[in-house]
Amino acid sequence: MRSDEAIISGTGLVKRFADFEAVRGIDFQVRRGEAFGFLGPNGAGKSSTMRMVSCMSPRSGGELRVLGMDPDRKGPAIRARIGVVPQQDNLDLELTVRQNLQVYGRYFGLTRKEVRAKAVELMEFARLTDRADHDVQPLSGGMKRRLTIARALVNDPEVLLLDEPTTGLDPQARHLLWEKLFQLKQRGVTLIITTHYMDEAEQLCDRLVVMDGGKIVAEGSPAELITRYATREVLELRFPPGDQHAAVDKVRDLAERVEVLPDRLLLYTEDGDAATTRAHDRGVRPISTLVRRSSLEDVFLRLTGRTLVD
Amino acid sequence: MLSIVDNPRRTAVLQRVLPSGSYVGLARRLVERSALLYARAWVVLLSGVFEPLFYVLAFKIGFGALVPAVTGPGGLRLEYAAYVAPALLVASAMNGAVSETMSMFYKLRFDGLYDSVLATPLGTYDVAIGELSWTVLRSGLYAVAFFAVMAVLGLVTTPWALLLVPVALVVSMAFAAVGMVCATLLRSSAQFEYIHLLVVPMFLFSGTFYSIDVYPLPLRWVAELSPLYHGVELARGFSTGVLGTAMLGHAAYLVALTAVGLYGTSKRIGRLLLN
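Chains S and V supply the protein sequences, listed in that same order. Here the first sequence is numbered in numbering that gives the first Met the number 0, starting from 0 and rising by one per residue. Here the second sequence is numbered in numbering that gives the first Met the number 0, starting from 0 and rising by one per residue.
Wrong hints could be hidden among the right ones.
[To be verified] For lysine to aspartate or glutamate, the following EDC-like pairs were computed, each having C-alpha atoms within a straight-line distance of at most 20 Å:
hint, chain 1, residue 1, chain 2, residue 2
1, S, K184, S, E157
2, S, K214, S, D26
3, S, K249, S, D270
4, V, K106, S, D88
5, S, K73, V, D114
6, S, K143, S, D132
7, S, K179, S, E33
8, S, K143, S, D88
9, S, K179, S, D169
10, S, K214, S, E62
11, V, K266, S, D71
12, V, K106, S, D71
13, S, K184, S, E62
14, S, K143, S, E163
15, S, K249, S, E269
16, S, K184, S, D155
17, S, K179, S, E157
18, S, K112, V, E31
19, S, K143, S, E178
20, S, K143, V, D114
21, S, K143, V, D110
22, V, K106, S, D134
23, S, K184, S, E120
24, S, K249, S, D262
The set of hints was computed from the structure by calculation and includes no laboratory data. Since this is a predicted model, take the numbers as computed values, not measurements.
Make a model of the complete structure from these sequences and hints.
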């Protein structure tokens, strides 16, 4: 198989609920072996898209192909070859860590011998071997998440779908999880990730689409998107809330673009330090200043006029 | 088979009743899960064996002493314990099936069990059939225990009585199927009361303790709607060895309920989780 083939493709994909259109005609293609992201705020239509791809939600319109098949007609065949990590962990709380993996493997039609070996291998991968025969309930959030991911790998999926994989985890747990996902990618597993964390998208995704209000508003690699929609650097000028408006006119021509947030101004410029000096020369006195590189957060702000996490 | 495929209208009906992907034949894997759980809690299973013992003892030793011989199927005179025991056997299958399927409410609404299962190749019919099968298996175990208690107390007098166990399985199947539909319709655990409101009168008024012939005609029709009534008639017939063609009707009623219940359960799970 060619590495650039589309393993998943959506064309004009629509998801409609009773009186609400969650996904409003999106086009996207995921290539085999890449890590593909859906970045957007809550309610952007990311999860609805993921559920359609995992054959757990019939599409309302448009075309969708997963592993070359139509989810409406080949649901079980597709699900046999993908792994699903839902937004909310739904581990089997009445079973132990090991049993969770074994029982789940049986749902995929694996033999008892196969699931026994698979459980050992996956507990090793998820660093849960020392918890093998413990109940699931008392595990930490990070451990539960790793077990959910391990469980989704029990059928050696070609594609792993992760819906908000690190939401609610502490920084350490997040980094461990990212490391695990990176390992999977190196093994050739195609990853599809939804997130509203731009750092996660930058860390993990080769390519991503930015979603807002059920539509795709931009597509590319994180670096491409930043180059296309933001400048190299951003100067942040923090003010007491409300005071920022007075400074807008003084700094407007110092940057390619100025964004006004409730407590600060963002100046998009190629040289943040130079802009800092010039703003100071014009008598602008913020509480604090910060020069940083542009991120996907800035891309999102540019595209939608809103911040990602609010 | 071919004619079904060739006829577009029939294909459409089939597609409606059994949408593609809703059954892949892995239902038994869900039964394995239940068996694994109960292997950890086998004492719970054991407790279900004591229930019939208490029931039969109460009627044999206590209540039976107050009631003279009663008239059973075909005008047969028999002691009250022998009259009521087969009915209690199927009533216990009903109770077991209802309480087991009510746990589906939690698995569906809170535990996310079926969400995780439906992300695997299993379909909604696999879930419905898997849960139904486990309930029936468990009921079968209790029915065997109940039957053993009856035998020990001298209440088994004909080889036909061996069919009490399969009758219990069919009753359990029908109640499990309908119970699952109810479990998917509940919105809170407080609504379990509605189920009690149905089950308790069914237990008392379905000919379990006396023949429904005592009711005036319209009431008798109502009693005949009760699935338990049909189970009781089957059980009492086999227990006394008095058979009749009406038994085919009783069995057909229970099987039909099972089919409708499975269809309804599969549809409801699909509507709730695959939307």
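Evaluation of the provided hints:
no., hint, verdict
1, S:K184 with S:E157, "holds (10 Å)"
2, S:K214 with S:D26, "holds (9 Å)"
3, S:K249 with S:D270, "holds (17 Å)"
4, V:K106 with S:D88, "holds (14 Å)"
5, S:K73 with V:D114, "holds (18 Å)"
6, S:K143 with S:D132, "holds (14 Å)"
7, S:K179 with S:E33, "holds (15 Å)"
8, S:K143 with S:D88, "holds (7 Å)"
9, S:K179 with S:D169, "holds (16 Å)"
10, S:K214 with S:E62, "holds (15 Å)"
11, V:K266 with S:D71, "holds (16 Å)"
12, V:K106 with S:D71, "violated (25 Å)"
13, S:K184 with S:E62, "violated (27 Å)"
14, S:K143 with S:E163, "holds (14 Å)"
15, S:K249 with S:E269, "holds (18 Å)"
16, S:K184 with S:D155, "holds (13 Å)"
17, S:K179 with S:E157, "holds (16 Å)"
18, S:K112 with V:E31, "holds (15 Å)"
19, S:K143 with S:E178, "holds (16 Å)"
20, S:K143 with V:D114, "holds (16 Å)"
21, S:K143 with V:D110, "holds (14 Å)"
22, V:K106 with S:D134, "holds (17 Å)"
23, S:K184 with S:E120, "holds (17 Å)"
24, S:K249 with S:D262, "holds (17 Å)"
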